[in-house]
Amino acid sequence: MAENPRKLKFIPIEAAQLPRTLDDAAFAIIHGNFAIASGLKLTEAVVLEKTPDHYLNVVAVRTADKDKPLTRDIVAAFQSAEYRAALDKHFQGYARPDYLQ
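Note that full-length UniProt numbering numbers the sequence shown so that position 12 is 12, with each residue one more than the last.
In case anyone wonders, no lab produced these hints; they're calculated from the structure. Treat the hints with care, since some could be wrong.
To be verified - Ranges of calculated distance between the beta carbons of each label pair, as one might list FRET restraints:
#1 73 to 26: 19 to 25 Å
#2 5 to 25: 28 to 34 Å
#3 67 to 45: 15 to 21 Å
#4 100 to 70: 20 to 26 Å
#5 16 to 66: 20 to 26 Å
#6 98 to 73: 46 to 52 Å
What the hints assert, rightly or not - Simulated crosslink set (EDC-like; lysine to aspartate or glutamate; CA at most 20 Å straight-line):
#7 50 to 82
#8 89 to 23
#9 9 to 23
Where is the CB? At the ideal position from N, CA and C, for every residue including glycine.
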């Protein structure tokens, strides 16, 4: 940080502990997984970053395995209504690939 004209105090804290600091801090930048695990709602965040597509989770298999039953089962699970419902229930506000928007 080159300048701090507002004289803000920055305290480095281990990421998993950040949700616990909210009562004692003006704000915190918290990773989504730690926010969700601590009961915070991403949909209530002041700001959510735009996650680039290349950082979203993907399922990748070797070309030789693309037609195997396990691969087809994984693809079917990711495309299922049950998967989408679980995301909607437990991971509101998380970045999603275009096909899940």
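Hint check results:
For residue 73 and residue 26, the Cβ-Cβ distance of about 47 Å falls outside the hinted range of 19 to 25 Å, so the restraint is violated. For the pair residue 5 and residue 25, the supplied restraint of 28 to 34 Å is violated, since their beta-carbon distance comes to about 20 Å. At roughly 41 Å, the beta carbons of residue 67 and residue 45 sit outside the given window of 15 to 21 Å. The supplied range of 20 to 26 Å is met by residue 100 and residue 70, whose beta-carbon atoms lie about 22 Å from each other.
Hint check: residue 16 to residue 66, Cβ distance near 37 Å, so the stated range 20 to 26 Å is violated. Remark: the range hint 46 to 52 Å for residue 98 to residue 73 is contradicted by a beta-carbon distance near 23 Å. Restraint check for residue 50 and residue 82: not satisfied, since their Cα atoms lie roughly 25 Å apart, outside the 20 Å limit. Distance check on the hinted pair: residue 89 and residue 23 sit about 26 Å apart at the alpha-carbon level, beyond 20 Å; violated.
For a cut-off of 20 Å, the pair hint linking residue 9 to residue 23 stands: about 16 Å separates their Cα positions.
Checked against the numbered hints given earlier, this structure breaks hints 1, 2, 3, 5, 6, 7 and 8; the rest are met.
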